[in-house]
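**Q** One letter stands for each residue in the lines below.
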Amino acid sequence: MVIANWNSYPRIEANLWDFRAEAEALELLHKLDSCIPRGMGRSYGDCSLASHIISTPGFNRFISLDQEQGILECEAGTSLKDILRVILPLGWFLPVTPGTKYITLGGAIASDVHGKNHHIHGAFGSHVHSLRMLTPQGEVITCSREQNPEVFSAVCGGMGLVGLILSARIRLMPIHSVYIRQKTIPAGSLDQLMELFELNEDCTYSVAWMDCLSRGQNPGLFMLGEHCTAKEAPDRNLSPPERAGLSIPGHLPGWVLSRAALKAFNSLYYTRGRANAGYSFQDLESFFYPLDRVQHWNRLYGSKGFLQYQFVLPKEDSRPGLKRILDHINSFGLPPYLAVLKLLGSQKGLLSFPMRGYTLALDFPMKPGLTALLNTLDQLVHDLGGRVYLAKDARMNQNSFIRGYPENRRFLEIKHGLDPDNKMTSLQSKRLGLCAKAY
Amino acid sequence: MRKSVLILGAGSDVARALARELAQAGYDLQLAGRKVEELAKDARDLEIRFGIQSRALYFDALDLDTHQSFYEALKPRPMGVVAAFGLLGEEDLARHNQQEWLRIIHTNYTGCVSILTIAANNLEQSGEGFIVGISSVAGDRGRAANYVYGSAKAGLSAFLSGLRNRLHKRGVRVITVKPGFIKTKMTRELDLPPRLTASPEEAATDIFRAISKRKDVIYTRWIWRWIMLVIRNIPERVFKRLSI
Ligand SMILES: Cc1cc2nc3c(=O)[nH]c(=O)nc-3n(C[C@H](O)[C@H](O)[C@H](O)COP(=O)(O)OP(=O)(O)OC[C@H]3O[C@@H](n4cnc5c(N)ncnc54)[C@H](O)[C@@H]3O)c2cc1C
Ligand SMILES: NC(=O)c1ccc[n+]([C@@H]2O[C@H](COP(=O)([O-])OP(=O)(O)OC[C@H]3O[C@@H](n4cnc5c(N)ncnc54)[C@H](OP(=O)(O)O)[C@@H]3O)[C@@H](O)[C@H]2O)c1
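Protein sequence lines correspond, in order, to chains A and B. Residue 380 in the numbering used here sits at position 380 of the first sequence, with consecutive numbering throughout. For any residue, its number in the numbering used here is found by taking its place in the second sequence, counting from 1, and adding 439.
Okay, chain A solo, but in the shape it has when bound (with noise of 0.2 Å):
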């Protein structure tokens, strides 16, 4: 079947094998050469992409759930919106999560994603407790920071190349009520925005939106959110109100309307934003998961897709290296419709992507030109230090990856050990060079 991830690019040809059971899940190992696993498709590039792919959306029962300790084991194909669905009413929350909740656990741990609260609570495999693999040469092996601890800093962002993840044992957040305080500050600058984080640094969540169509100063919206007490919630509901959602029915035809589509769309964040500027309550769906209301809204950008660009750099430079970078894309002519920045902490793990410093994320539609503006940007970013997400990669080349995760040498190490056929290769890992032979 026709198959591609969220950006809709590339686009292939793939077998999709599904399973219920771990046995299924061996037997597939077994018949399979070479295959990589996928969850929801949510990355955008070809991370989770290959001939013969292993799906585990299907594979997604709870194992436990400890109420008192808030300790919850699910299998890897279950989605965080299903987990939330349990966890939400019982007083828990996720305490990392992205801004989409259609991911899957498996998802959450291979890329190692990292949220709103980045630069207090690092990235999602800081909370996994545990986790159980399968390996590609068919054995099941537990791993955690004491049992297999190299296995596992390798798997927690390690791209779904070094086994497939059966399941994990999660610590969940405790919270007293679904809202969040948020506190939204419009800024004129980049600079401003940047001042702004750094003022806040001891804020649970923050996190910017920038404009980049209207240009020059970048002019955004700088938003910080706290959990609430029971005391400070306009209500003691602990199950977020259901929203009825728009979708986008089909690829739209025109590259115009989506063009305009597109930045309506955008403004209305904008628009909604601005006019929440100061003090407001929004229940969690709102505060973390505003895209999700929009069903489909990748198709906004017509059946050519897109690309997301997030890269960071290094603190120190990020000052002068967002300036530069932004000044290039302006004086190149693509402008991104979207555009978020946040000031993550540091993290641990041998092909995570957080790392003290700014990540920017920029949303492009597919254009003439693309190619060779984001190879600069390759370029200028890794000579300030900095590197390319994975899980929104499609297009770098091994060289930029090579420069943008010094440790891939030790996360290679051990893929040999556990791969040494290389079985788990995605359409990435081969661009990029990540197999257990070439070192």
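These are computed hints drawn from the structure, not numbers from a lab. Small disclaimer: the values here were computed from a predicted structure and weren't measured. One thing to keep in mind: the hints can contain errors.
Every beta carbon over 10 Å from chain B, so not counted as near; a handful from chain A, in silico [what the hints assert, rightly or not]:
id : residue
1  : V140
2  : L246
3  : P314
4  : Y337
5  : D383
With a straight-line cut-off of 27 Å between C-alpha atoms, the simulated DSSO-like cross-links for lysine-lysine are [claimed, not checked]:
id : chain 1 : residue 1 : chain 2 : residue 2
6  : B       : K480      : A       : K31
7  : A       : K323      : A       : K183
8  : A       : K81       : B       : K480
9  : A       : K183      : A       : K81
10 : B       : K622      : A       : K31
11 : A       : K81       : B       : K624
12 : B       : K474      : B       : K514
13 : A       : K81       : B       : K622
14 : A       : K31       : B       : K624
15 : B       : K442      : B       : K514
Just so it is clear, CB atoms sit at the ideal spot from N, CA and C, and this is done for glycine as well.
Start from chain A and add chain B with the ligands according to the hints.
**A** Relative to chain A, chain B with the ligands alone:
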């Protein structure tokens, strides 16, 4: 009192999806089948997800002698029984191999008659409840590709129809489900036409709706009702020449 539903062949992909629908509606579930270890994991999942009570039980449709004691040991007695087990078998093998055609007939027909007769007698006494039998469109007309399976399902459809007729006055509902194509373990090796093929979840939603809406016979996807109407009405002298 909490209401409990017994699902026979609970490891079927359709049954697993139906279990989630039933659990969401608040039914406790007894999951019966041969792979008890997997079913125990399903039971635990349903308990955590939906806050119901659930457990796994060993049941083999082919082991007729055990059916009576199996049913008597159920605690609590279910108010609803779903028979989801089935076997497509290998039609080619069945042409030459007695064991294979017996296995197909016994799984889809004899085993079902056996356990549902016991269930029916039991529900009849309590004067309420429902029985769901999963038959197939293959039972609506025999085709060269799978007529042993089809004939067993035809027998099952007739059995369910008679059971419905008998139990109607006693307050027990009998629902016949006739799936067309569903993408499950059973059909993994087949190349199914997407427009006519339901996901297990879609089929489960249809079955759940049939239970709540007090339907007698449903097709899933619904389009199959019309497809089978046409197929049933093709004159035999034409039909015998077709390869469909
Ligand atoms: C709207 C939106 C907002 C997002 N916001 C953020 C954000 O704020 N922060 C962030 O970090 N990311 C974010 N993402 C990216 C997303 O969280 C990651 O790409 C995530 O990995 C997707 O998970 P998935 O289940 O869809 O997996 P896929 O996209 O299918 O796969 C991702 C990777 O995980 C591997 N994988 C999946 N399951 C397993 C398994 N069981 N065992 C081993 N490997 C496995 C795959 O091989 C692949 O390498 C966002 C994405 C979207 C669409
Ligand atoms: N899929 C379709 O296209 C389709 C079409 C029409 C009708 N149907 C019917 O739909 C029902 C559900 O099937 P499915 O599609 O969900 O396929 P499935 O996933 O293969 O389920 C069939 C189940 O029947 C169980 N079973 C077989 N023999 C058994 C026995 N002797 N004792 C107990 N359990 C037994 C199997 O259990 P084990 O795991 O122990 O083997 C399996 O879980 C079946 O009655 C089938 O005939 C399916």
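**Q** If a hint holds in the structure, say so; if it does not, say that too.
**A** Consistency of the hints with the structure:
no.: 1; hint: V140; verdict: holds, 15 Å
no.: 2; hint: L246; verdict: holds, 22 Å
no.: 3; hint: P314; verdict: holds, 43 Å
no.: 4; hint: Y337; verdict: holds, 33 Å
no.: 5; hint: D383; verdict: holds, 49 Å
no.: 6; hint: B/K480 with A/K31; verdict: holds, 25 Å
no.: 7; hint: A/K323 with A/K183; verdict: holds, 26 Å
no.: 8; hint: A/K81 with B/K480; verdict: holds, 20 Å
no.: 9; hint: A/K183 with A/K81; verdict: holds, 25 Å
no.: 10; hint: B/K622 with A/K31; verdict: holds, 21 Å
no.: 11; hint: A/K81 with B/K624; verdict: holds, 26 Å
no.: 12; hint: B/K474 with B/K514; verdict: holds, 20 Å
no.: 13; hint: A/K81 with B/K622; verdict: holds, 24 Å
no.: 14; hint: A/K31 with B/K624; verdict: holds, 17 Å
no.: 15; hint: B/K442 with B/K514; verdict: holds, 11 Å
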